[in-house]
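Residue-level listing of the chains:
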Amino acid sequence: MNATGDLFYESQAQYSSQAIADTLKDLITQPDTRAEIKVQVQNVLDGQKVKVDPEAVIRSVSRIEVKDQGAGFDSESVRLLVSLAPFIKELVPLVQPFCNDASAVAKKIALDLWEIIKGKLSDKKKIRLRSRASV
Amino acid sequence: MGERIYELNPQEELALTAQAAAYRAFAHHEVQLFAGRPGVEDLPARQQVLKAIGSLYAVRLPDTDRAAFIAQVAEHLGASLKNFFDPQKSALNYFLTTYKNEALKFSSIGTEVESWLAKFNKVAAGYFGPATIEREFPKLRLLFEIDERLKLGVSGRTELNTEDIKSADRNIVIRFNPAQFNAESYFAIPYVLSHEYWCHGLSRWRHGSEGRMVDWTGCSPLDSWEEGWMDFVQFQLLQRVLENSDNDAAMDGQVFKHCSAAAVARYAGDEKVLRGKGYQGAWALLRFLKTRVAQLMMRLNSMPPDELFLALALDLNALYIDARIKRNFVLWIAGYLSQAPVTLGPPTSLSDQDQRLVAGRLRLTEIFVRNLQESAPGTKLNVVKLLSLCRQQD
Numbered sequence: 001m002n003a004t005g006d007l008f009y010e011s012q013a014q015y016s017s018q019a020i021a022d023t024l025k026d027l028i029t030q031p032d033t034r035a036e037i038k039v040q041v042q043n044v045l046d047g048q049k050v051k052v053d054p055e056a057v058i059r060s061v062s063r064i065e066v067k068d069q070g071a072g073f074d075s076e077s078v079r080l081l082v083s084l085a086p087f088i089k090e091l092v093p094l095v096q097p098f099c100n101d102a103s104a105v106a107k108k109i110a111l112d113l114w115e116i117i118k119g120k121l122s123d124k125k126k127i128r129l130r131s132r133a134s135v
Numbered sequence: 001m002g003e004r005i006y007e008l009n010p011q012e013e014l015a016l017t018a019q020a021a022a023y024r025a026f027a028h029h030e031v032q033l034f035a036g037r038p039g040v041e042d043l044p045a046r047q048q049v050l051k052a053i054g055s056l057y058a059v060r061l062p063d064t065d066r067a068a069f070i071a072q073v074a075e076h077l078g079a080s081l082k083n084f085f086d087p088q089k090s091a092l093n094y095f096l097t098t099y100k101n102e103a104l105k106f107s108s109i110g111t112e113v114e115s116w117l118a119k120f121n122k123v124a125a126g127y128f129g130p131a132t133i134e135r136e137f138p139k140l141r142l143l144f145e146i147d148e149r150l151k152l153g154v155s156g157r158t159e160l161n162t163e164d165i166k167s168a169d170r171n172i173v174i175r176f177n178p179a180q181f182n183a184e185s186y187f188a189i190p191y192v193l194s195h196e197y198w199c200h201g202l203s204r205w206r207h208g209s210e211g212r213m214v215d216w217t218g219c220s221p222l223d224s225w226e227e228g229w230m231d232f233v234q235f236q237l238l239q240r241v242l243e244n245s246d247n248d249a250a251m252d253g254q255v256f257k258h259c260s261a262a263a264v265a266r267y268a269g270d271e272k273v274l275r276g277k278g279y280q281g282a283w284a285l286l287r288f289l290k291t292r293v294a295q296l297m298m299r300l301n302s303m304p305p306d307e308l309f310l311a312l313a314l315d316l317n318a319l320y321i322d323a324r325i326k327r328n329f330v331l332w333i334a335g336y337l338s339q340a341p342v343t344l345g346p347p348t349s350l351s352d353q354d355q356r357l358v359a360g361r362l363r364l365t366e367i368f369v370r371n372l373q374e375s376a377p378g379t380k381l382n383v384v385k386l387l388s389l390c391r392q393q394d
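Sequences listed follow chains A and B, in order.
The numbering of the first sequence is the working numbering, which starts it at 1 and goes up by one.
The numbering of the second sequence is the working numbering, which starts it at 1 and goes up by one.
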């Protein structure tokens, strides 16, 4: 992740960034998946010793942005940009009362949650995101 | 598994440059080399020549001095091919001499790609004159890299210039996979560059308060506008560049042949996905304009249909509006105009889906015209011309 909270990936050719962003929002609205995520979020929050309602954190997941980083002749040449910055921004005031360095903790929680969401995208929707470093 | 992405190093640049020169020499002498032999297409000697050129990348020649490298490659090619050609005939020597001359034409493969870029810039300047677009032209920078994962020998990508985050200039990255860099790849370079230049380099201009372009992130590989419609447009423009090219006929012939093949390969089995619809839509509009040229010329008073089509497509591409609006526009054009009659009158049989698309047209028109308020007069003029044409279909 770079300083601005951006992660770079590539996905299967048939999934556009818009489709991935929409699927991500779908995931947290489906009751069974949401329940699973809620348990995992609670574990992450417990690990960071912050007593925040996991539902509030899950609601903020929808702030994660998925965009195309550039355009190209073939899908192999285009990177997906996942921006956690707006998500982290919403988490900071939630965790502020429980820690000294709220932005660092929020960033850690956001990254852990993103890994959970990424796993759900793969397990439930068969969308696989592979890390793709910048040249 | 050992596959890497990195910037082109001098040794690789030399090898790709030598391969490019050898492919051009091959284009010159293809007929001469195999004259009098039956079955030119699958002749072992022909395959051997292409194999020898294709494998130059793997041959590690000791000298990195350019002149010495060119000579060493000629020796290597001569040694690899001497058993396939009659020593009494001079076809192989002619080929090697031409290779050496071709190798002197461009200092590197990068310089050669830049020469294509200069041709596109010239054509673009003709379309985006001050009368049409009164805004700053996007700055496009050319970069090169090796990607060993590419299925093709050459590909391209357009991105923001991330080295300077305050700048919104765009980088066009031409990407090579040397292991796959065959004749088809080499002669398709103009197609790849043309795609990046017209479809992505000159799309969605928006200027911030300081006058520099801002907020461009690219588009999906499935996007029907930039990847479909504009890909059709760029190929029309590329053909014009070739028609007015100062290259020799052998080179342009090969470029046209392989660029056409690249276009076919790109859309093979792609009709159902969005970018295929975009390509189909652009083709449908061009056909629509061409088949009704006499009627349209009377109504439009001056602009030839091909010119109108290209000017309109370039203006729409440059227009900074929500990508979904362009996508819907492409779907509508593909669904509506591909079934439009050649003569004036109501469309014959529209599917339910097309009828729904047509029903949304007026709404689309409103959105377009509203968004055009901020655009240059030329853009608005061309879009309004198209919309007035479409109204006459009712």
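The hints are simulated quantities; they were obtained by calculation from the structure and are not laboratory data.
Among the clues, some could well be false.
[To be verified] Listed next, the stretches of chain A that the computed footprint assigns to chain B, with coverage defined by at least 3 CB atoms under 8 Å from CB atoms of chain B:
id, region
1, 37 to 47
2, 72 to 78
3, 82 to 89
[As the list claims (entries may be wrong)] Under the rule of at most 25 Å between Cα atoms (straight-line distance), these lysine-lysine pairs were calculated in the DSS-like manner:
id, chain 1, residue 1, chain 2, residue 2
4, A, 67, A, 25
5, B, 105, A, 126
6, A, 51, A, 67
7, B, 257, B, 105
8, A, 25, A, 125
9, A, 67, B, 105
Every residue gets a Cβ at the ideal spot worked out from N, C-alpha and C, and that includes glycine.
Here is what the structure says about each hint:
Residues of the region 37 to 47 of chain A with a Cβ under 8 Å from some Cβ of chain B number 0, which does not satisfy the need for three, so the listed coverage is violated. Figure legend: the region 72 to 78 of chain A, annotated as covered by chain B; annotation consistent (7 residues with Cβ-Cβ distances under 8 Å, at least 3 required). Note: the region 82 to 89 of chain A has 0 residues with beta-carbon separation from chain B under 8 Å; the three-residue rule is not met and the coverage is violated. A hinted pair counts as satisfied when its Cα atoms are at most 25 Å apart, and residue 67 (chain A) with residue 25 (chain A) qualifies at roughly 14 Å.
As the CA atoms of residue 105 (chain B) and residue 126 (chain A) are separated by approximately 50 Å, the hinted pair breaks the 25 Å bound. Under the criterion of a C-alpha separation no larger than 25 Å, the hint pairing residue 51 (chain A) with residue 67 (chain A) is inconsistent with the structure, at around 32 Å. Restraint check for residue 257 (chain B) and residue 105 (chain B): the C-alpha separation of about 22 Å stays at or below 25 Å, so the hint holds. A hinted pair counts as satisfied when its Cα atoms are at most 25 Å apart, and residue 25 (chain A) with residue 125 (chain A) qualifies at roughly 12 Å.
Simply put, residue 67 (chain A) and residue 105 (chain B) have alpha-carbon atoms about 41 Å apart, too far for the 25 Å limit, and the pair is violated.
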